[in-house]
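Please work from the sequences and hints to get the whole structure.
Protein chains in written order, with my numbering: chain A, 1 to 333; chain B, 334 to 666.
What the hints contain is simulated information worked out from the structure, not anything from laboratory work.
C-beta atoms are modelled at their ideal positions from N, C-alpha and C, and glycine is treated no differently.
Honestly, I wouldn't trust all of these hints.
Unchecked claim - Quick list of the computed label-pair ranges, beta carbon to beta carbon:
#1 Thr3/A with Ala626/B: 22 to 30 Å
#2 Thr579/B with Ala278/A: 41 to 49 Å
#3 Ala43/A with Ala590/B: 53 to 61 Å
#4 Asn265/A with Pro564/B: 45 to 53 Å
#5 Arg110/A with Ala626/B: 47 to 55 Å
#6 Ala249/A with Arg560/B: 32 to 40 Å
#7 Arg560/B with Asp274/A: 26 to 34 Å
#8 Ala561/B with Arg110/A: 33 to 41 Å
#9 Ala590/B with His34/A: 50 to 58 Å
#10 Ala626/B with Ala290/A: 15 to 23 Å
#11 Ala602/B with Ala218/A: 39 to 47 Å
#12 Ala640/B with Glu253/A: 31 to 39 Å
There are 2 protein chains.
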Amino acid sequence: METGTGTLARKVAQGDRRALAQAITLIESGRPDHRARAEDLLARLAPVAAGRQVLRLGLSGAPGVGKSSLVEALGLHLLGQGLRVAVLAVDPSSQRSGGSLLGDKTRMERLSRAPGAFVRPSPAGAQPGGVARRSREALILCEAAGFDVVLLETVGVGQSETGAADMVDVFALLIAPAGGDELQGVKRGIMERADLTLVTKADGELLAPARTTRGDYAAALRLLRPRAEDPPGYPLALAVSAREGTGIAAAWERIAALAAWRRDNGIAAGMREDQARAAFRAEVTAAFLARLAADPALAERMAALEAEVAAGRLLPGAAAARLVAAVMTGVGA
Amino acid sequence: METGTGTLARKVAQGDRRALAQAITLIESGRPDHRARAEDLLARLAPVAAGRQVLRLGLSGAPGVGKSSLVEALGLHLLGQGLRVAVLAVDPSSQRSGGSLLGDKTRMERLSRAPGAFVRPSPAGAQPGGVARRSREALILCEAAGFDVVLLETVGVGQSETGAADMVDVFALLIAPAGGDELQGVKRGIMERADLTLVTKADGELLAPARTTRGDYAAALRLLRPRAEDPPGYPLALAVSAREGTGIAAAWERIAALAAWRRDNGIAAGMREDQARAAFRAEVTAAFLARLAADPALAERMAALEAEVAAGRLLPGAAAARLVAAVMTGVGA
Numbered sequence: 001m002e003t004g005t006g007t008l009a010r011k012v013a014q015g016d017r018r019a020l021a022q023a024i025t026l027i028e029s030g031r032p033d034h035r036a037r038a039e040d041l042l043a044r045l046a047p048v049a050a051g052r053q054v055l056r057l058g059l060s061g062a063p064g065v066g067k068s069s070l071v072e073a074l075g076l077h078l079l080g081q082g083l084r085v086a087v088l089a090v091d092p093s094s095q096r097s098g099g100s101l102l103g104d105k106t107r108m109e110r111l112s113r114a115p116g117a118f119v120r121p122s123p124a125g126a127q128p129g130g131v132a133r134r135s136r137e138a139l140i141l142c143e144a145a146g147f148d149v150v151l152l153e154t155v156g157v158g159q160s161e162t163g164a165a166d167m168v169d170v171f172a173l174l175i176a177p178a179g180g181d182e183l184q185g186v187k188r189g190i191m192e193r194a195d196l197t198l199v200t201k202a203d204g205e206l207l208a209p210a211r212t213t214r215g216d217y218a219a220a221l222r223l224l225r226p227r228a229e230d231p232p233g234y235p236l237a238l239a240v241s242a243r244e245g246t247g248i249a250a251a252w253e254r255i256a257a258l259a260a261w262r263r264d265n266g267i268a269a270g271m272r273e274d275q276a277r278a279a280f281r282a283e284v285t286a287a288f289l290a291r292l293a294a295d296p297a298l299a300e301r302m303a304a305l306e307a308e309v310a311a312g313r314l315l316p317g318a319a320a321a322r323l324v325a326a327v328m329t330g331v332g333a
Numbered sequence: 334m335e336t337g338t339g340t341l342a343r344k345v346a347q348g349d350r351r352a353l354a355q356a357i358t359l360i361e362s363g364r365p366d367h368r369a370r371a372e373d374l375l376a377r378l379a380p381v382a383a384g385r386q387v388l389r390l391g392l393s394g395a396p397g398v399g400k401s402s403l404v405e406a407l408g409l410h411l412l413g414q415g416l417r418v419a420v421l422a423v424d425p426s427s428q429r430s431g432g433s434l435l436g437d438k439t440r441m442e443r444l445s446r447a448p449g450a451f452v453r454p455s456p457a458g459a460q461p462g463g464v465a466r467r468s469r470e471a472l473i474l475c476e477a478a479g480f481d482v483v484l485l486e487t488v489g490v491g492q493s494e495t496g497a498a499d500m501v502d503v504f505a506l507l508i509a510p511a512g513g514d515e516l517q518g519v520k521r522g523i524m525e526r527a528d529l530t531l532v533t534k535a536d537g538e539l540l541a542p543a544r545t546t547r548g549d550y551a552a553a554l555r556l557l558r559p560r561a562e563d564p565p566g567y568p569l570a571l572a573v574s575a576r577e578g579t580g581i582a583a584a585w586e587r588i589a590a591l592a593a594w595r596r597d598n599g600i601a602a603g604m605r606e607d608q609a610r611a612a613f614r615a616e617v618t619a620a621f622l623a624r625l626a627a628d629p630a631l632a633e634r635m636a637a638l639e640a641e642v643a644a645g646r647l648l649p650g651a652a653a654a655r656l657v658a659a660v661m662t663g664v665g666a
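Written out as structure tokens, the structure reads:
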């Protein structure tokens, strides 16, 4: 943290991976003085990132689905195509379990060692909103650093996977092979967001179950409404094997084709803009609520009103009007 | 609108259907003086509603799925069981098309005429947040009026159906029969919320397709994660016919069983509390944003910041912090 933000920004923009790692550590820090430096750094690098053309690919799945193996296999495939790849692996469970970050990094050892690649496991922290903000900021840093593709890997726990879907160009859901009637750990809302469903571990004894699962998801996807702005054939389900490398090239082909289609039809830029606007609105309400929480008198007032609402003694709209009137006239300030 | 709110509240609490209709008209009015009376009325009736035990059932589906016919058939079935039934039919398209409200009412003619029933079609209005608030308020009025079951019928357009899911005890998704590969107009996110999927029009030539569709949805539902707090067997898919009355009793049995299970296991009360808290938070941010929009200087500031964010020149978090700082220190007041 000794480097000035101007120097750090220049090094990141030059593609210096150590500087990038240092910059991400800075934005992840909770210290107020670090936060001020992070904001300064981001203000310098956001225009650089905006000038690059980077494909942001989100990959989400439940623990044990084989995310890291697939991400490494895909990353190595992309390197083989001459593309520079950054991986941001967000693990919401890491704060609790403590151990899986190092494990993830070790599992991506080959990719981590490759000169054109950058692998960064990140603890997700306690606040879902905090995860979203830090991931958005880390994406910008990776873009500024000149990578062609950024893989945002998230564990499908709670709301984090739909958060990831809101900040990428293409979003893939990872599913493990299972018997036809076996329950899968897929959160229902996430299927809404997935451009691709990738059935992992399609090798050896799991090849046949993987094919069945792929067929089941393909059928389920046909029952759902396709997005009006997508080309025919999407969303789709594919079977892949990280171990044997099968299906990886085909999956990438479909991902790149979708991204190119969205770019060529003016959809990609619109998606990014919509994502930025939505993020701004979410940040506005988050900042407003954070200010409320930081003011003891207002926080107490809000908690009391919420308790009245929960007990059915006060209606949500009437309670909200009282609170906001108090805030905007500075009663609690 | 001549009646005083005290008298009106008393009549609604006594189950007077004319007074209930008048009260709903009052909460739907956009006039500020009506709004003040509506707030007063709701403040009087919320405690009455809180003291009743009412099953709120949400039914959503795309236009043409046969919602009104099914709601009427279900309503008549409930009357036959000795239950008093209120129907709130929210139609987001009514403001545009203008004609469907009367049509709906006519289609539920038998139910409308029954002494134990109340049928109220409502235009959804322009604001999605406004729909949610008015529906919540109309539900409270119906509860205060002593109905045993309130059916909240919403058209599956945009966000309104998930809004409905956030204010009922049991939520059913209605689907029309279709060939196995035919695309259905189901928004994916809504499957997340449905306790039951009801395949309508399971009669005559559509009986076989309805059975196929039911099987397809049952299979799709098995791929999704069941809710931890639900009894085994839910969510489920059933085929029903409003014309022949088949499946209606079975569907109600499963709905009532789920509601009873949630009540007996302390889940129903928690759901209502969570819904109230979530509604309060949504209302707080809505009220905050409404205040922003109502202040020309702040609205202009927000639009300018959002444009900067959309163009990639400013990060969402930094822009939001600037806006909220301006608001909370009264710069724009």
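Hints versus structure:
{"no.": "1", "hint": "Thr3/A with Ala626/B: 22 to 30 Å", "in the structure": "violated, 43 Å"}
{"no.": "2", "hint": "Thr579/B with Ala278/A: 41 to 49 Å", "in the structure": "holds, 45 Å"}
{"no.": "3", "hint": "Ala43/A with Ala590/B: 53 to 61 Å", "in the structure": "holds, 58 Å"}
{"no.": "4", "hint": "Asn265/A with Pro564/B: 45 to 53 Å", "in the structure": "holds, 47 Å"}
{"no.": "5", "hint": "Arg110/A with Ala626/B: 47 to 55 Å", "in the structure": "holds, 53 Å"}
{"no.": "6", "hint": "Ala249/A with Arg560/B: 32 to 40 Å", "in the structure": "holds, 38 Å"}
{"no.": "7", "hint": "Arg560/B with Asp274/A: 26 to 34 Å", "in the structure": "holds, 30 Å"}
{"no.": "8", "hint": "Ala561/B with Arg110/A: 33 to 41 Å", "in the structure": "holds, 38 Å"}
{"no.": "9", "hint": "Ala590/B with His34/A: 50 to 58 Å", "in the structure": "holds, 55 Å"}
{"no.": "10", "hint": "Ala626/B with Ala290/A: 15 to 23 Å", "in the structure": "holds, 21 Å"}
{"no.": "11", "hint": "Ala602/B with Ala218/A: 39 to 47 Å", "in the structure": "holds, 41 Å"}
{"no.": "12", "hint": "Ala640/B with Glu253/A: 31 to 39 Å", "in the structure": "holds, 36 Å"}
Comparing the model with each earlier hint shows a violation of hint 1 alone; every other hint is respected.
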